[in-house]
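> Chain by chain, the residues run as shown.
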Amino acid sequence: MLIQGQASSPRTAETVLQAHWRHLDRRQSGIKGLLLGATILSCGSVLAILGFLSYFALPIFSEGHLAEILSWEWRPFQGKFGILPMAVGSLSLAVTAMGVAYPLGLGICGFAHGLGPRCLKGPLMGLINFMTSIPTVIYGFVSVIFLVPLVRGAFPESTGYSWLTAALTLSLMILPTIVLLVHAQLQQVDARVRLASAALGFSPAQTLLWVMRPLAFRGLWAAAVLGFSRALGDTIIALMVAGNAPQVPNSLLDSIRTLTSHIALVVATDSTSQAYQSIFASGLILFGVSIAVNLTLRRLQSRAALPATGRHD
Amino acid sequence: MRNSRNGLMAIIFMLVLSLGTAPGAWAQDSQLQRFQNLEGTIDIAGGTAHIPVMKDAAEQIMKANPKIRLTVAGGGSGVGVQKVGEGLVNIGNTGRALTPAEVAKYGLKTFPFAVDGVAVAVNPKNPVGALTSQQVRDIFAGKIKNWQEVGGTSAPIHLFTRDEASGTRETFWKKLLKKGPIDAKANIVASNGAMKMALAQDPQAIGYLGIGFVDQKVKGIKLDGAEPTQENAKNGSYPVTRLLYMNTKGEPQPLVKAFIDYIKGPEGAKIIQKHGFIPTSK
Amino acid sequence: MIKKITYLAQACSWLAVLTTVGMILLFLGFLGVRGFDTINPTLFFGNTPPWGAIIGRLPVWHGIWPACVGTVALVLLSSLLAIPLGLASGIYLAHYASGAWKRWFSLAVEVLAGIPSIVMGLFGFALILSLRKTVAPQANTCLLLSAGCLALLVLPYLILMTQTALEALPDELRQAGLSLGFTPWQNMVHVLLPVAGRGILSGVILAVGRAAEDTAVILLTGVVANSGLPSGILDKYEALPFHIFFLAAEARSDAELAQGFGAALILLILTAALFLGAYYLKSTFTKTWDQKNLSI
Chain P
306 MLIQGQASSP RTAETVLQAH WRHLDRRQSG IKGLLLGATI LSCGSVLAIL GFLSYFALPI
366 FSEGHLAEIL SWEWRPFQGK FGILPMAVGS LSLAVTAMGV AYPLGLGICG FAHGLGPRCL
426 KGPLMGLINF MTSIPTVIYG FVSVIFLVPL VRGAFPESTG YSWLTAALTL SLMILPTIVL
486 LVHAQLQQVD ARVRLASAAL GFSPAQTLLW VMRPLAFRGL WAAAVLGFSR ALGDTIIALM
546 VAGNAPQVPN SLLDSIRTLT SHIALVVATD STSQAYQSIF ASGLILFGVS IAVNLTLRRL
606 QSRAALPATG RHD
Chain A
458 MRNSRNGLMA IIFMLVLSLG TAPGAWAQDS QLQRFQNLEG TIDIAGGTAH IPVMKDAAEQ
518 IMKANPKIRL TVAGGGSGVG VQKVGEGLVN IGNTGRALTP AEVAKYGLKT FPFAVDGVAV
578 AVNPKNPVGA LTSQQVRDIF AGKIKNWQEV GGTSAPIHLF TRDEASGTRE TFWKKLLKKG
638 PIDAKANIVA SNGAMKMALA QDPQAIGYLG IGFVDQKVKG IKLDGAEPTQ ENAKNGSYPV
698 TRLLYMNTKG EPQPLVKAFI DYIKGPEGAK IIQKHGFIPT SK
Chain Z
13 MIKKITYLAQ ACSWLAVLTT VGMILLFLGF LGVRGFDTIN PTLFFGNTPP WGAIIGRLPV
73 WHGIWPACVG TVALVLLSSL LAIPLGLASG IYLAHYASGA WKRWFSLAVE VLAGIPSIVM
133 GLFGFALILS LRKTVAPQAN TCLLLSAGCL ALLVLPYLIL MTQTALEALP DELRQAGLSL
193 GFTPWQNMVH VLLPVAGRGI LSGVILAVGR AAEDTAVILL TGVVANSGLP SGILDKYEAL
253 PFHIFFLAAE ARSDAELAQG FGAALILLIL TAALFLGAYY LKSTFTKTWD QKNLSI
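From first to last, the protein sequence lines stand for chains P, A and Z. Numbers given in our numbering equal positions in the first sequence, counted from 1, plus 305. Numbers given in our numbering equal positions in the second sequence, counted from 1, plus 457. Numbers given in our numbering equal positions in the third sequence, counted from 1, plus 12.
Keep in mind the hints are simulated off the structure, nothing from the lab. Predicted model, so just to flag it, every value in this text is computed and none were measured. Treat each hint with caution, since some may be false.
[Unchecked claim] If you want the footprint, here are the derived chain A segments under chain Z, 3+ residues with CB under 8 Å:
| id | segment |
| --- | --- |
| 1 | 521-533 |
| 2 | 542-550 |
| 3 | 570-582 |
| 4 | 651-658 |
[Stated by the list, open to error] Once the Cα atoms are required to be at most 25 Å apart in a straight line, the calculated BS3-like pairs of lysine-lysine come out as:
| id | chain 1 | residue 1 | chain 2 | residue 2 |
| --- | --- | --- | --- | --- |
| 5 | P | Lys385 | A | Lys562 |
| 6 | A | Lys691 | A | Lys642 |
| 7 | A | Lys706 | P | Lys385 |
| 8 | P | Lys385 | A | Lys679 |
[Unchecked claim] Interface residues of chain Z toward chain A, partial, derived using beta-carbon atoms under 10 Å:
| id | residue |
| --- | --- |
| 9 | Ala125 |
| 10 | Asn152 |
| 11 | Leu156 |
| 12 | Val235 |
All C-beta atoms, glycine included, are put in the ideal place defined by N, C-alpha and C.
The shape of chain P in the complex, shown without the other chains (with noise of 0.2 Å):
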C-alpha cells in the first residue's frame, strides 16, 4: 500500500513523513501486541493453575466424595479421607503465628518511628529488610537443631514438634512483612502530617501514637492480611517442626498438620484413590485463600488511595 503510493504520487516531504510515521506506527503497534502477549500469558498462568487444580479436584464432585473430604477424620486405611483438621491446623498455625509477630511488628514499627531513638532507625530497619532474605528452609533447619530441644525440655508431655515451635519459627519468617508493610504506610502518613504536628508542640512519640496510628489503619489492616496469608503458605516450617499428625490441636504443644504440608506429605499417593484427590481439595482452598486475600488487599487499599490521588486531582 505505502510503496504504491509512493511510486504513483510526487514525493512530497509530506508523504515522506507521513509513510515513516506510518512505519514507525506498525512497529509499535507490533511491540505493543508482543507486550500484550507477554502480559495475557503471565496473568493467564493464574487461569492456568485454576484450571489445573480444578480439573484433579473435580473427581470429588462427580464421584460425590465432598462429604467425605471435608470430614473430621484422617485415616486412609479405613477409608476416611477428611482434611477439615488440617484446614484447622492451617488456621490455628497462621492465627498463632501472627498473634506473636504481629504486636512485635508493631512495636518495630513504632520504635522507628518516633517511639525509639533516631538513630537506631536505619540499622534496625535495615535487619529488618535483610530478614526477607533469609531462606525459609533455614528457620525451619535452626528450628529443628535449637528450638524442638529447648521446647522439649521444657514441656515434657511435649516431643517439640509441636503447634508452638512452628508458630514460633513461622513468626519469625512473616515478621519483615507486617513491619514493611506498616512502614511503608506510615512513612506516608509522617511526610503528610510531621511538620503540622511538630507546630502543635507533639513530641515525635506523640505524633505517632495520637496523629498517625489512626491515620495508618488501613496500612495496619493490610499488613495484617498479608502477613496472616504468608503465614498461611507456608509449607516448609511447618512439615519441618509441625510434627504433621493428621488431628485438631487440643493444646499449644499437640502436634498438627497444615493443608500445605498435606500436598506435600501426600503428593505421591496412587493417583486414583481420594487421597490424592484431597490434595487438589486442599490447593484449592489454598489458591481461594489467597484470591479471598487479594480481593480484601485492595478494597483496603483502594479506600486508603483515594484521599492521596484525591490530592494530585
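Put chains A and Z on the given structure of chain P with help from the hints.
Coordinates of chains A and Z only, in the frame set by chain P:
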C-alpha cells in the same frame, strides 16, 4: 616452607589423579564390568529403608562408569509403586510385597533382594528394653501414655509413626499391631532415616524402623523376649519381618537389569550387609 | 495520663525490638557458630579431588557441590524464563495498559503473587501428569519443570518491580522524550529503561534470591536426594535448599548434620549477597530520583 611444598605436591597429585582418571579405569571389579558398555540414567524412588543401599551401589557404579547416572529419591513404598507404575522412575522400591491389584494395574515385576525386620525402637537413654506385643499395641493405640506403666521412669510417651505411603508402617501395622489403631496424636515422620533421627534425639520417644537402621543411636526393643536382629528375623524367631523389593514396570531395560543383577550379586550382597540387612541370595 | 501511655508504648516498642533482634541474632549466631567450621573443601567435594569435581569429570559423593550446581542451574534457567516475560509485562502494565484491562491484569498479578509455593509445585506436578496422559508420554518431573514453576513464582515480583520502577519516574521525563520526536518505544528503550534500570535490576536480583531459596516448589517437581551434577534440563537434580531440608530430618551421623549446617550457611551467604546487591541498587535508584525530582 616444607609444608607449602608438601601442599603443592598434594595439589599436583590431585590434579594428576583427577585428570588421569579415564572413565572405566576403576571398572576392574568383575561385578562392575557388566556396566562397561552401558550408559544412561536410572531413576530410583520409593522405600526409604533402601536408600543407604541404593546410594552406596550408585556411588560404586557411577565411579566405575561416569556415563551412567543414578538418581535416588525417597518417599516411601507407596510412592515407589505409584512412581514406577506411572513410569516416572525406572525402579520403584517397596518395603512390602506388592498387592495383586498393584501388579495387575501397572504390570509390575518385582525383585526381592534383602530381608529386613521392623524393630520397635526407643532412645538409648530409655531404661525400658523389652515390651510385650500387647504393650506395644496399647502404646500405639494411645492407651498407655506414660513410661512408668511399662516399667520406665515417669515421663509421657512420645509417639512417632510413619506416613501412609510407608511399607515399614504397613508391615508394623499388620504384623505387630494386627491392624489395630494408631493414635492420631502421633507425630508423623517421612522416612526410616527421619524416624531414626527423631528417636535418637528424644529420650521419651518410641517408634519403629527397619532393623538395618538400628545402631548405637537408637535402641531396638526386645519384643516378647525376641531380640530385634536380622539373624532372628531371618530364622523366624523375630516375627515382624518383611522383604525389601525393587520393582520395575514390565521387563527391565538392559541398564536397569544390570543394576538389579548387581544388587542381587555378590558385590551387592556386601553392600546390603554393610547397611545391616540380610541379602536374600544368602 | 497521655504521658503514661506514651511511656508504656515506648517500653513495649523497646521490648519488641529487643526480642526480635535477640531472636534473630540467636538464630543466625547458632547457625554461624555451628556452620563456620564446616566450610572447607570437604564440605563441597567430600572425598573427591576438587579439580576433577569442578570440571565435572569426577562424580562427587558426600559433598554439597552437586547441590550448589543444581541450585545455580535452577536459578539461571528460571531467570531465563521469567525475566523476559516479567519485564515485558511490567512495561506493558506501566505504559500501555489502561482502564479496566489494567485493573484485571494487575489483579491477576497480585493473585499470582499470593499463591503459596506448594500450590505452584502442585500445579507443576499436575501439569506433568496430564502431559504424560496426553501429548508427551515421556514427560517427567525435571529441572525444566521446576524452573518453570519457580519462574511463575517469581514472575509477579519482576512485573511489580518493573512497573513500580517505571511509574516512579517523573512524567516530565516521559514527555520530554516524546516531545523530542521519540516514538513511545524509542522513548522506552533509550530514555526510560536506562534510568529505571537500577530499580528493575534490584527486582531481578530479589527474584533470583527467591528462586534460589524456595523449597516447596522443587519438592514436588523433580528434586532428588542424590543424583550427582545435573546432566540436562530434562533430568532430576539436587538443590541446596532441599539438601538442607533433607538433612534436617535424615542426617544419619553427626558429620551429615554438620554438612547441613555448612549447606545452610552457604545458602544464607548466597541469598544475603543477592539481597545486599539489590538493596544497594535500589537505594541508589531512589536517591537519584529524589534529587532529580527536586531539580525538575
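> Next, verify each hint and record whether it holds.
These are the hints, each one checked on the structure:
| no. | hint | result |
| --- | --- | --- |
| 1 | 521-533 | holds (count 7) |
| 2 | 542-550 | holds (count 3) |
| 3 | 570-582 | violated (count 0) |
| 4 | 651-658 | holds (count 3) |
| 5 | P/Lys385 with A/Lys562 | holds (23 Å) |
| 6 | A/Lys691 with A/Lys642 | violated (33 Å) |
| 7 | A/Lys706 with P/Lys385 | violated (30 Å) |
| 8 | P/Lys385 with A/Lys679 | violated (33 Å) |
| 9 | Ala125 | violated (29 Å) |
| 10 | Asn152 | holds (6 Å) |
| 11 | Leu156 | violated (15 Å) |
| 12 | Val235 | holds (8 Å) |
Checked against the numbered hints above, the structure violates hints 3, 6, 7, 8, 9 and 11; every other hint is satisfied.
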